[in-house]
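Student: My request is simple: use the sequences and hints to build the entire structure.
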Amino acid sequence: SQTIHQWPATLVQPVGSPLSLECTVEGTSNPNLYWYRQAAGRGLQLLFYSVGIGQISSEVPQNLSASRPQDRQFILSSKKLLLSDSGFYLCAWSVAPEHGQPQHFGDGTRLSIL
Amino acid sequence: AQTVTQSQPEMSVQEAETVTLSCTYDTSESNYYLFWYKQPPSRQMILVIRQEAYKQQNATENRFSVNFQKAAKSFSLKISDSQLGDTAMYFCAFIPIGPSNFGNEKLTFGTGTRLTIIP
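Top line first, the protein sequences correspond to chains S and Y.
Numbered according to the numbering used here, the first sequence spans residues 615 to 728.
Numbered according to the numbering used here, the second sequence spans residues 12 to 130.
Some hints here could point you the wrong way.
[Stated by the list, open to error] With a cut-off of at most 35 angstroms between alpha-carbon atoms, the simulated DSBU-like pairs for lysine-lysine come out as follows:
1) S/Lys694 x Y/Lys89
2) Y/Lys84 x Y/Lys117
3) Y/Lys81 x Y/Lys66
4) Y/Lys81 x Y/Lys117
5) S/Lys693 x Y/Lys117
6) Y/Lys66 x Y/Lys89
[Claimed, not checked] Ranges between beta-carbon positions, derived for each pair:
7) Y/Thr14 x S/Glu640: 30 to 38 angstroms
8) S/Gln715 x Y/Arg74: 39 to 47 angstroms
9) Y/Ile57 x S/Glu636: 30 to 38 angstroms
10) S/Gln676 x Y/Asn73: 36 to 44 angstroms
11) Y/Ser18 x S/Val674: 31 to 39 angstroms
12) S/Val629 x Y/Asn69: 44 to 52 angstroms
13) Y/Gln94 x S/Gln659: 26 to 34 angstroms
14) S/Gln616 x Y/Arg74: 19 to 27 angstroms
15) S/Ser698 x Y/Asn73: 17 to 25 angstroms
16) Y/Ile57 x S/Gln659: 15 to 23 angstroms
17) S/Ser698 x Y/Ser91: 38 to 46 angstroms
18) S/Lys694 x Y/Ser111: 32 to 40 angstroms
Treat the hints as calculated values from the structure; they're not laboratory data.
Glycine included, C-beta positions come from ideal geometry on N, C-alpha and C.
Tutor: Laid out in structure tokens, this is it:
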């Protein structure tokens, strides 16, 4: 069966520090991968998505970046965090979205910027 | 661009009662899928139910069912015999499919409805 791992679960970082959040998927090949951010009490905002290794599409201009160095690995990064980067970050995967296959989410990372 | 609207920020209902959550969407696409996701306090997003726009029959999953009205662009979720474990944020989501969207299928989420089941 397919599983998705996301870490760390919680992270507290000072303003201006770098960031690296990692997401890996097991049990499937060539998944579409997604990074979302959820502000407190709000819906999900798509940040990045990837349809293959090295292929990243950015949805929102910001100081965050994403990379996909391996088929089932998706990394969210920042060189210098801002206070506004605080939130709950979710990674998700799907296969065959063109056939209505749903996205499956990781457990999320709660990021607090001090 | 697609939009998804959930007009009920919060709802509460007594345990064992039935509750309906509203969702409307706006799109010019002719084929798409609609989803309801549940996010309990543990924050994990869990798929509840999905509906293909081309299917007239409303989807059901045990106690969960939808009322899909394509002409009205409405996609409500009904929870029957509600249980304490149903307490969560519920998100409606939309994804367009078809040749013009191939390789670019992205979910659009509503802002959610916080549902509380009262013992």
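Student: Does the Cβ distance between Y/Ile57 and S/Gln659 fall inside 15 to 23 angstroms?
Tutor: This hint holds: roughly 19 angstroms between Cβ atoms.
Student: Does the Cβ-Cβ separation between S/Ser698 and Y/Asn73 fall within 17 to 25 angstroms?
Tutor: At roughly 40 angstroms between Cβ atoms, Y/Asn73 and S/Ser698 fall outside 17 to 25 angstroms, so the hint is violated.
Student: Can you tell me whether the CB distance of S/Lys694 to Y/Ser111 sits inside 32 to 40 angstroms?
Tutor: holds, 38 angstroms
Student: Holds or violated: Y/Lys66 and Y/Lys89, Cα atoms, limit 35 angstroms.
Tutor: holds, 18 angstroms
Student: So the hint says 19 to 27 angstroms: do the beta-carbon atoms of S/Gln616 and Y/Arg74 match that?
Tutor: Holds - the Cβ-Cβ distance for S/Gln616 and Y/Arg74, about 25 angstroms, lies within 19 to 27 angstroms.
Student: Against the range 26 to 34 angstroms, how does the distance between the Cβ atoms of Y/Gln94 and S/Gln659 compare: consistent or not?
Tutor: Holds, at about 30 angstroms.
Student: For the pair supplied as a hint, S/Lys694 and Y/Lys89, is the alpha-carbon distance within the 35 angstroms limit?
Tutor: Outside the cut-off at roughly 44 angstroms; violated.
Student: When you check the alpha-carbon spacing of S/Lys693 and Y/Lys117, does it fall within 35 angstroms?
Tutor: Measuring from Cα to Cα gives roughly 27 angstroms; hence the hint holds.
Student: Quickly compare the C-alpha distance for Y/Lys84 and Y/Lys117 to 35 angstroms and report which way the hint goes.
Tutor: Distance ~18 angstroms between Y/Lys84 and Y/Lys117 Cα, so the pair holds.
Student: Starting from the hint 36 to 44 angstroms, judge whether the C-beta atoms of S/Gln676 and Y/Asn73 obey it.
Tutor: holds, 40 angstroms
Student: I want to verify a distance hint. Is the separation of the beta carbons of S/Val629 and Y/Asn69 within 44 to 52 angstroms?
Tutor: holds, 49 angstroms
Student: Does the Cβ-Cβ separation between S/Gln715 and Y/Arg74 fall within 39 to 47 angstroms?
Tutor: Given range 39 to 47 angstroms: violated, Cβ gap about 23 angstroms.
Hint compliance for this structure: hints 1, 8, 9, 11 and 15 are broken, all remaining hints hold.
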